[in-house]
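Novice: All chains, full assembly: derive it from the sequences and hints.
Number of protein chains: 2
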Amino acid sequence: MGNYKLTLSYDGSRYAGWQRQGNTGSTIQRKVEETLSRVLDEAVQVSGCGRTDAGVHARMQVCSFYSSALSSPEKTLTLLRRYLPEDIAAVRLEAAPPRFHARLSCREKTYRYRVWRSDCPNVFERKYLYSFPEPLSLPAMREAASELTGTHDFAAFSSGRTNKSTVRTVREIVLTENGPELTMSFTGDGFLYHMVRIMAGTLLEAGQGKRTAEDVRLALQKKDRSLAGFTAPAQGLTLWDIQY
Amino acid sequence: MGNYKLTLSYDGSRYAGWQRQGNTGSTIQRKVEETLSRVLDEAVQVSGCGRTDAGVHARMQVCSFYSSALSSPEKTLTLLRRYLPEDIAAVRLEAAPPRFHARLSCREKTYRYRVWRSDCPNVFERKYLYSFPEPLSLPAMREAASELTGTHDFAAFSSGRTNKSTVRTVREIVLTENGPELTMSFTGDGFLYHMVRIMAGTLLEAGQGKRTAEDVRLALQKKDRSLAGFTAPAQGLTLWDIQY
Chain A
1 MGNYKLTLSY DGSRYAGWQR QGNTGSTIQR KVEETLSRVL DEAVQVSGCG
51 RTDAGVHARM QVCSFYSSAL SSPEKTLTLL RRYLPEDIAA VRLEAAPPRF
101 HARLSCREKT YRYRVWRSDC PNVFERKYLY SFPEPLSLPA MREAASELTG
151 THDFAAFSSG RTNKSTVRTV REIVLTENGP ELTMSFTGDG FLYHMVRIMA
201 GTLLEAGQGK RTAEDVRLAL QKKDRSLAGF TAPAQGLTLW DIQY
Chain B
1 MGNYKLTLSY DGSRYAGWQR QGNTGSTIQR KVEETLSRVL DEAVQVSGCG
51 RTDAGVHARM QVCSFYSSAL SSPEKTLTLL RRYLPEDIAA VRLEAAPPRF
101 HARLSCREKT YRYRVWRSDC PNVFERKYLY SFPEPLSLPA MREAASELTG
151 THDFAAFSSG RTNKSTVRTV REIVLTENGP ELTMSFTGDG FLYHMVRIMA
201 GTLLEAGQGK RTAEDVRLAL QKKDRSLAGF TAPAQGLTLW DIQY
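Line by line, the protein sequences give chains A and B. Quick note, the first sequence lines up with residues 1 to 244 if you use the numbering used here. Quick note, the second sequence lines up with residues 1 to 244 if you use the numbering used here.
Take the hints with a grain of salt, since some may be wrong.
[Stated by the list, open to error] Covered stretches of chain A, as calculated for chain B (at least 3 residues, CB under 8 Å):
1) 5-18
2) 81-87
3) 218-232
Hints in this document: simulated from the structure, not taken from any laboratory. Every residue gets a Cβ at the ideal spot worked out from N, C-alpha and C, and that includes glycine.
Specialist: Written out as structure tokens, the structure is:
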């Protein structure tokens, strides 16, 4: 029984997210498991590093799985590339140490939220951008971002309830402009459900002057979702990088 | 009656090309005419600069049209952006001199053919790339390209027959590599039906060693389509730039 690490990238537009939901719904995990099981002629279950929402993309996603049928990662990779749909790419497949787990072994993840600020639509990258042609103050956004950076209880920046810890560390938030595109890059040890999209929405509202850095501090303190910004749409979000 | 110049960009994936074909088929020209006619409440016919094939994209396409109902290009542009589908973008709309014609006034056009050479699929730009993971000799391709450059009778590099002149000037062919992507950029005064795609296919075959620069010279000389290469698929082709 070997343990394997599979690196993927995908266009999440037509999927109900990463995570398998029973036997229904078109999810990326399900499609990958079905393809691996077919190629290896053995039931395979994979664990993904990031549970991307419906419509969220991944430049880099990693999953791990055990298999007793896999003998040549190279051959299996070739077959995966043959049978996976054109919006899911198998980038790399390699043997992993027995205790390697795609999510639990992950040290840090980076998500990028891409905003298109021009009135003139970007037809070629439209599926990976959130169109938001409003005036934005980058300094105000950076100030709000600095409040989010660090170790905090991010309960206000997540959807749904959980009994688990909502403390996370956001090591870095980087805002870069490239022509009409604004990219917000979030790096941290882990992110709660909808956390990146709520941080992105909050920073956009800070850029519009609808919220201040002080509001962000208060939202964190009071753990009150209603004090944070809107949940920015899924399509602008991409799981960008994973560090082990 | 004013004359207008409309600059567009589009993802051609789901269209039967630029040119209207009677009242059937989903073409970009038809969609633009319908939207302009609706917005201006007046029947509008447009002339496009490049007649892109089914599945071919345009980073820049220009069309011209006459209108007596258009008073504010700015307002019309805003309405166009509201009603055009998300894969067609109205980039600019401006008044043009009375004798301006998008195709006849055009001095030079540039088409780019994008080739993806890696075994690992590019999921995000897959609709704009032709996947061709074969070993290629760039020097051999450049040698063949230099035979195509200049003023020639390109009859061998076109599909279908015509009684019109098949002489064209290709001013420049530039091949650039960027990681696994190879871009072939063709600039000239005009291109025959399928001409860019046949030139792209011929250069790829030259890169594989299946054809030589000498073969290209012979094809031009004999005006024999069977001596040129295959017609590279539409999806890798983009009308990139237009000079007036």
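Novice: State for each hint whether it applies.
Specialist: Hint check:
no. : hint    : verdict
1   : 5-18    : holds (count 3)
2   : 81-87   : holds (count 3)
3   : 218-232 : violated (count 0)
Comparing the model with each numbered hint stated earlier shows that hint 3 is the single one that does not hold.
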